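Peer 1: Sequence:
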Amino acid sequence: MKQQGIILLTTVIFLSIIMLLVVAQAQLVALHTKALNYHTKRAYVLQSLEKLAYRLMSEQLTKQQTCCLAKELNPNEVINLLKKQQEGCFISDDKLTYIYLKEYLGQFNCLHSTVNGHIYSTKHWRLTIAALTSPHPFVLQLRFATLAPFSPEICKSTLMISPGILSWRYLT
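Residues 20 to 191 in this note's numbering are what the sequence shown spells out, letter by letter.
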């Protein structure tokens, strides 16, 4: 009788250990799935932000739009304004809503670009876009340069840059 009790107790303990291992693995699979879904969402939002940024930049280059144009602010201040939805313009696609703000940073006569053998000065812009996702928005901030008429100015040193995106940062 004692031997049957020991066998039963050993079997119950063994099955309990196996059940704990199965539950632990199920939790691990759930965590991996959650992490993969978050990573996929981040990648989708980043691609959407990039696509919208190129569209807004090309509109700025072709139409010289002044809507949603702000005075030069601190880059972090702009991000906070957009996150709080205090300033900016809204735009939506089929899945997400965005808020963006353009800033004219001025003409830089000592930063030149060469196109077809002609020298140009550059105008600099900052575009900040926030994808309004919950619980925290994703933010893409770009600084880009466009061509401007050459202005001869005495500079300590001139630099040649390519027009287009100069720098960017992506915040989650």
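The reader is advised that the hints may include incorrect statements.
What the hints assert, rightly or not - Straight-line Cα separation of at most 20 angstroms, DMTMM-like style, residue types lysine to aspartate or glutamate; simulated pairs: (1) Lys70 <-> Asp112; (2) Lys60 <-> Asp112; (3) Lys102 <-> Asp112; (4) Lys114 <-> Glu172; (5) Lys103 <-> Glu78; (6) Lys142 <-> Glu122; (7) Lys90 <-> Glu69; (8) Lys60 <-> Glu78; (9) Lys70 <-> Glu122; (10) Lys53 <-> Glu69; (11) Lys142 <-> Glu91; (12) Lys102 <-> Glu78; (13) Lys102 <-> Glu122.
Just so you know, these hints were derived from the structure itself, not from any lab.
Computed from a predicted model, the values in this text were never measured in an experiment.
Peer 1: If a hint holds in the structure, say so; if it does not, say that too.
Peer 2: Hint by hint, here is what the structure shows:
1. Lys70 <-> Asp112: Holds, at about 11 angstroms.
2. Lys60 <-> Asp112: holds (15 angstroms)
3. Lys102 <-> Asp112: holds (18 angstroms)
4. Lys114 <-> Glu172: violated (48 angstroms)
5. Lys103 <-> Glu78: violated (25 angstroms)
6. Lys142 <-> Glu122: holds (11 angstroms)
7. Lys90 <-> Glu69: violated (23 angstroms)
8. Lys60 <-> Glu78: Measuring from Cα to Cα gives roughly 27 angstroms; hence the hint is violated.
9. Lys70 <-> Glu122: holds (19 angstroms)
10. Lys53 <-> Glu69: Between Lys53 and Glu69 the Cα gap is close to 24 angstroms, so the pair fails against 20 angstroms, i.e. violated.
11. Lys142 <-> Glu91: Given that 20 angstroms is the threshold and the Cα spacing comes to 13 angstroms, the pair holds.
12. Lys102 <-> Glu78: violated (23 angstroms)
13. Lys102 <-> Glu122: holds (16 angstroms)
Consistency note: the structure conflicts with the earlier hints numbered 4, 5, 7, 8, 10, 12.
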